[in-house]
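K.L.:
Listed in order, the protein sequences are those of chains A and B.
In terms of the UniProt record's numbering, the first sequence opens at residue 1 and continues consecutively.
In terms of the UniProt record's numbering, the second sequence opens at residue 1 and continues consecutively.
Hints may be right or wrong, so weigh each one.
According to the in silico footprint, chain A covers these stretches of chain B (three or more CB under 8 Å from chain A) [claimed, not checked]:
#	stretch
1	15–22
2	25–34
3	38–45
4	54–64
5	70–76
If you're looking for bench data, these hints aren't it; they were derived computationally from the structure.
From the three backbone atoms N, C-alpha and C, an ideal C-beta is built for every residue, glycine too.
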Amino acid sequence: MAYDDFRGFLDTLRKEGQLLHIADEVMPEPDIAAAANAAPRLGGHAPALYFDNVKGFTDARIALNVHGSWANHALALGLPKETGTKEQVEEFIRRWDTFPVAPEWRENPLWAENTLEGEDADIFRVLPLIRLNDGDGGFYIDKAAVVSKDPADPEHSGKQNVGIYRIEVKGRRALAIQPVPMHDIAQHLHTAEERGEDLPVAITLGNEPVISIVASTPMEYEQNEYELAGALRGAPAPLSRAPLTGLPVPWGSEVVIEGVIEGRKREIEGPFGEFTGHYSGGRNMPVIRIDRISYRTGPIFEHLYLGMPWTEVDYLIAANTCVPLYQQLRHDFPEVQAVNAMYTHGLVVIVSTKKRYGGFAKAVGMRVLTTPHGLGYAATVIVVDEDVDPFDLPQVMWALSTKMNPAGDLVQIPNLSVLELAPQAVTPGITDKLIIDATTPVAPDRRGTYGTQVRDLPETAEWLARLRKLTAAR
Amino acid sequence: MSDTTPLCPRCAHEAIEHITGSPVPGVWEVLQCGRCLYMWRTSEPARRIRRDAYPEEFMLTPEDIGTAPEVPAVPPLRRPGAGAATR
Chain A
1 MAYDDFRGFL
11 DTLRKEGQLL
21 HIADEVMPEP
31 DIAAAANAAP
41 RLGGHAPALY
51 FDNVKGFTDA
61 RIALNVHGSW
71 ANHALALGLP
81 KETGTKEQVE
91 EFIRRWDTFP
101 VAPEWRENPL
111 WAENTLEGED
121 ADIFRVLPLI
131 RLNDGDGGFY
141 IDKAAVVSKD
151 PADPEHSGKQ
161 NVGIYRIEVK
171 GRRALAIQPV
181 PMHDIAQHLH
191 TAEERGEDLP
201 VAITLGNEPV
211 ISIVASTPME
221 YEQNEYELAG
231 ALRGAPAPLS
241 RAPLTGLPVP
251 WGSEVVIEGV
261 IEGRKREIEG
271 PFGEFTGHYS
281 GGRNMPVIRI
291 DRISYRTGPI
301 FEHLYLGMPW
311 TEVDYLIAAN
321 TCVPLYQQLR
331 HDFPEVQAVN
341 AMYTHGLVVI
351 VSTKKRYGGF
361 AKAVGMRVLT
371 TPHGLGYAAT
381 VIVVDEDVDP
391 FDLPQVMWAL
401 STKMNPAGDL
411 VQIPNLSVLE
421 LAPQAVTPGI
431 TDKLIIDATT
441 PVAPDRRGTY
451 GTQVRDLPET
461 AEWLARLRKL
471 TAAR
Chain B
1 MSDTTPLCPR
11 CAHEAIEHIT
21 GSPVPGVWEV
31 LQCGRCLYMW
41 RTSEPARRIR
51 RDAYPEEFML
61 TPEDIGTAPE
71 VPAVPPLRRP
81 GAGAATR
């Protein structure tokens, strides 16, 4: 089923036992972040957290860890909460086949109930901001979908962008944003700054859960995130025009903040505990001026904790990183069976593939590096045989244990691009990358003494189903 | 409350601005350093709000701020009339 707003999804989480309401009074810091840090440790069925009794606030509602388990991710896609990881990725691939699904324009957006403008547009009046990690430079907003357009081609809906970026609160009406050069909004800002212009943005918070998924999907530059949301939802994404900027925003957002990234201005930002599990910053980064805030009555602040993996961000950018890489590799190499890019947004990518001939697996590995996402990620690519499940790490370790000979299976390519947050780079933004060929060599590559591989007995699948039934019936 | 936090915990600067206060009066304040822009709530643990308890690895110096890289770099202004064909 498709959710049209954030509250509809919270209702489903509540009914499914996947939303934990913490009614006791908590401190804004460190309690809320520490609870969200702890929640994913509860495992694959970890719940979302909901706080509404926060010391010093009279009317705070804060939801975290909303995507922070495979159960919640499944429910976000309208799947049963028991759906396995690989099955969720496969369903994501099937739904992407219906892309693009045009959005639906709706009147009377839910966020139009209240407005603050000009000097009154004070973010502290709307959001119960809280701080996350000890070394963070301030209050962050890290789960908002930020909407912008290409200033050189503003009517091209494919070139508009909806993305999640780290945003630091720098003042009552001032924010900072991190446009990583590999991400689309950085291209928009670059064009605006070359022209000496500001870049209008709409920052939308508290969205239905598929919007958060598409906003963190590494799509191609001219692909429209809302049209992917329609495909994943199985129904057009409901949109409205933001009143000040005219930017297309979700109809059901809790809060819509409008303003501009001030062109050609930089200011000290950070540090911030990032998705890499390391702090980054302080750097001089672009600044946003808030001009207008629209919000639902009694807005719920959706927030995301990120830290030592896995935390919510790892669930949010798991399936949606695997799928576009899979699609792009399959386009050139139909032998590719599956792609696991769930680790740190694909800084490690595991690909299973059939081999056309000797050396083919290395070519697949090199193609990963030249995909749009690979330009900023894919520091290590592991290629495994078609019968190895890249989502089954013990099988991947078996492939590394037995199929990989460093003499011929490690390809190290110097000085490639990587996002500046990747901590292993000697110069931020430049790193060597590694392809590990852990496939069985095929002719004319005759290395190794492989003999014949042991395969599952033909009757094993039948017995697996039987054993599952018997154990479930106990 | 600001008299109990006379220094920025992070860079030891003395000019601290009051940004906002708790909706329930007097429970906490949000403060910001005028130099390194560190922002914190006065009810946070000491390790986040007191200079003498602030972890060394998170401290910033004026030199750190002065040498912070620009991300992303500001591009050169394009001359008016220079066409998009150059891109």
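K.L.:
All hints, please: hold or fail.
P.N.:
Hint-by-hint comparison with the structure:
1. 15–22: holds (count 3)
2. 25–34: holds (count 4)
3. 38–45: This one holds; 7 residues, not fewer than the three required, reach chain A with a Cβ under 8 Å.
4. 54–64: Three-residue rule met by the stretch 54–64 of chain B, so holds; n is 5.
5. 70–76: holds (count 6)
Checked against the numbered hints given earlier, the structure satisfies every one of them.
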